[in-house]
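**Student:** Make the full structure from the sequences, and use the hints.
Here the protein sequences line up with chains A and B, keeping their order.
When we follow the numbering used here, the leftmost residue of the first sequence carries the number 1, and every step to the right adds one.
When we follow the numbering used here, the leftmost residue of the second sequence carries the number 1, and every step to the right adds one.
Honestly, I wouldn't trust all of these hints.
Stated by the list, open to error - Here are a few chain A residues that sit away from chain B, every Cβ distance over 10 Å (derived from the structure):
id, residue
1, Phe70
2, Ser86
3, Ala149
4, Leu150
To be verified - Okay, derived cross-link-like pairs now, SDA-like style, lysine to any residue, Cα gap no bigger than 20 Å in a straight line:
id, chain 1, residue 1, chain 2, residue 2
5, A, Lys247, B, His142
6, A, Lys158, B, Arg216
7, B, Lys196, B, Arg216
Calculated from the structure, these hints are not laboratory results.
In this text, a Cβ means the ideal position worked out from N, Cα and C, and glycines have one as well.
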Amino acid sequence: MKKSKYLAWAAPVAVGLVTVVVWHVLVKAFDVPHYLVPSPVLVVQTLISDWGLLFGSLLVTLKITFGAFFMAVLLGTVVAFLFVQSRWIEVSFFPYAVLLQVTPIVAIAPLIIIWVKNPSAALIACATLVALFPIISNTTLGLRSVNPALVDLFRMNKASRWQTLVRLRIPSAAPYFFGGLRISSGLALIGAVVAEFVAGTGGTSAGLAYQILQAGFSINIPRLFAALILITVTGVALFLSMALLSKLALGSWHESEVKQET
Amino acid sequence: MSAVPLSAAAARIPVVEVLSADKVYADGTRALSPIELAIRPGEFVTLLGPSGCGKSTLLKLIANLIAPSTGRLLWWRQGFDGVGQPGKNLVMVFQDATLMPWSRLQANVRLPLDLRGVKRNLGNERVAEALALVGLKGFERHYPRQLSGGMQMRASIARALVTEPNLLLMDEPFGALDEITRNRLDADLIQLWWKKRLTVVFVTHSIYEAVFLSTRVVVMAARPGRVLAEVAIDEPHPRTDAFRVTQKFAAYAKQLSEHLATASAQGATGC
Numbered sequence: 001m002k003k004s005k006y007l008a009w010a011a012p013v014a015v016g017l018v019t020v021v022v023w024h025v026l027v028k029a030f031d032v033p034h035y036l037v038p039s040p041v042l043v044v045q046t047l048i049s050d051w052g053l054l055f056g057s058l059l060v061t062l063k064i065t066f067g068a069f070f071m072a073v074l075l076g077t078v079v080a081f082l083f084v085q086s087r088w089i090e091v092s093f094f095p096y097a098v099l100l101q102v103t104p105i106v107a108i109a110p111l112i113i114i115w116v117k118n119p120s121a122a123l124i125a126c127a128t129l130v131a132l133f134p135i136i137s138n139t140t141l142g143l144r145s146v147n148p149a150l151v152d153l154f155r156m157n158k159a160s161r162w163q164t165l166v167r168l169r170i171p172s173a174a175p176y177f178f179g180g181l182r183i184s185s186g187l188a189l190i191g192a193v194v195a196e197f198v199a200g201t202g203g204t205s206a207g208l209a210y211q212i213l214q215a216g217f218s219i220n221i222p223r224l225f226a227a228l229i230l231i232t233v234t235g236v237a238l239f240l241s242m243a244l245l246s247k248l249a250l251g252s253w254h255e256s257e258v259k260q261e262t
Numbered sequence: 001m002s003a004v005p006l007s008a009a010a011a012r013i014p015v016v017e018v019l020s021a022d023k024v025y026a027d028g029t030r031a032l033s034p035i036e037l038a039i040r041p042g043e044f045v046t047l048l049g050p051s052g053c054g055k056s057t058l059l060k061l062i063a064n065l066i067a068p069s070t071g072r073l074l075w076w077r078q079g080f081d082g083v084g085q086p087g088k089n090l091v092m093v094f095q096d097a098t099l100m101p102w103s104r105l106q107a108n109v110r111l112p113l114d115l116r117g118v119k120r121n122l123g124n125e126r127v128a129e130a131l132a133l134v135g136l137k138g139f140e141r142h143y144p145r146q147l148s149g150g151m152q153m154r155a156s157i158a159r160a161l162v163t164e165p166n167l168l169l170m171d172e173p174f175g176a177l178d179e180i181t182r183n184r185l186d187a188d189l190i191q192l193w194w195k196k197r198l199t200v201v202f203v204t205h206s207i208y209e210a211v212f213l214s215t216r217v218v219v220m221a222a223r224p225g226r227v228l229a230e231v232a233i234d235e236p237h238p239r240t241d242a243f244r245v246t247q248k249f250a251a252y253a254k255q256l257s258e259h260l261a262t263a264s265a266q267g268a269t270g271c
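**Tutor:** Shown next as structure tokens:
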């Protein structure tokens, strides 16, 4: 068991290392110019030398990502709670929540940027729209997925609406909600980057997407790669922290997080 | 948990009276023809019948989870508003254990007390007593998934007992368990009923379970759901597993299965 756990870490790391080495060897062997494909060594060097600039941009992108993620969780949860209050509310409004999901953010971002004066707020609004739907749909589904016999039990004990909500509906919804969090956190980052791309040429808030655009224009490909790596690492970190949060919240009881005893 | 001796008058008041109550669902299905039934204090009444005979519907009527289409029910000679007052406590044990998977056993069993606003310390004491009664002493810190099906059912019964019920409703509680576990739980249940002087209404489709447990068996038939016969099981308590292998037990089982057979024969010609 210990061996397989070790392997679960070692195997993907080995794949990553081999890929980087092959990348380096190929770039050197074919003498590829660094304005087309930089070697991994050069990318790391750029990451270090341009750290001041890139780190500042990372903070800007993180601010938008977390702002959007927070808003998506807040709004999504509120909307889900409204939906489960009555079937009519859900039936009337759910199609519009779907509309939110299927409309490409690139298409409506210019409009939002024109409407919202504050550039940060505009970007957060765009990214929120991208990250919102999984929270709404998962939390709604979760709040509805309550064991009907437990509902009867609460009714027979004359539980108040509030008691039923806190002690039954919310815990029942938790696994679905955390599933929504994982998807939504990644989407918040994607939304932030896409929104920056659309707004980016304005140059008002220099996030990582802005650095990628600028690096592209000035054919500074190593910096473009460095910025790309920062975005990827941020995405992975977000996913892992959501997985950890889910494990902390559900680890003691839910099937998805409980280790199988063999 | 002291058993208060019932006054003569209180002993005569029926716990539940079903007065020509029937149930027709919105789609026109007649789940239950008008039923007349009285449950007296201290009885162990079993509703026995095939699936679709309305026995669960009748139990839900008694639990006030659904309302009758016509007719009415009385609890301790009153409407349902009086239920829940001291001495008029009604609880239900469901087909599945219906424990909350996110709560430890202690919190699960304490739930009815929490919902009534009983202080946690006092609640935990009563939970410990109830768990000891069903043979789950020391499992307070376990999560439901760590227990076997039989143990989960025991916990579900402990959760019912913690409120010191006067009327205990059980909807095929051991139907999902294997026969060996079921027999053991039946034996423990009948002990508990005797010791705590409970009134029980028990739903099952097992003839042997009905004979073993009941003071009275209400045999029901399907299409439409109706009461076919009532059979008193005249065997002294406390009963033990030895009762299962007696001539008397076999005779009762034969009598009940004959009732069920005539019902299904009538049903077949009726369809």
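**Student:** Against chain B, does A/Leu150 hold up as non-interface, every C-beta pair farther apart than 10 Å?
**Tutor:** 5 Å, violated
**Student:** Is it true that the CA of A/Lys158 sits at most 20 Å from the CA of B/Arg216?
**Tutor:** 30 Å, violated
**Student:** With a cut-off of 20 Å on the C-alpha distance, tell me whether B/Lys196 and B/Arg216 pass.
**Tutor:** Holds, at roughly 18 Å.
**Student:** When you look at the beta carbon of A/Ser86, is every beta carbon of chain B farther off than 10 Å?
**Tutor:** A/Ser86 is indeed farther than 10 Å from all Cβ atoms of chain B, at 19 Å.
**Student:** Could you grab the alpha-carbon distance between A/Lys247 and B/His142 and see if it respects the 20 Å cut-off?
**Tutor:** 18 Å, holds
**Student:** When you look at the beta carbon of A/Phe70, is every beta carbon of chain B farther off than 10 Å?
**Tutor:** Check passes; 25 Å lies beyond 10 Å.
**Student:** Is the Cβ of A/Ala149 more than 10 Å away from each Cβ in chain B?
**Tutor:** At about 4 Å from chain B, A/Ala149 fails to clear the 10 Å cut-off, so the statement is violated.
Going through the hint list in order, the structure does not satisfy hints 3, 4, 6.
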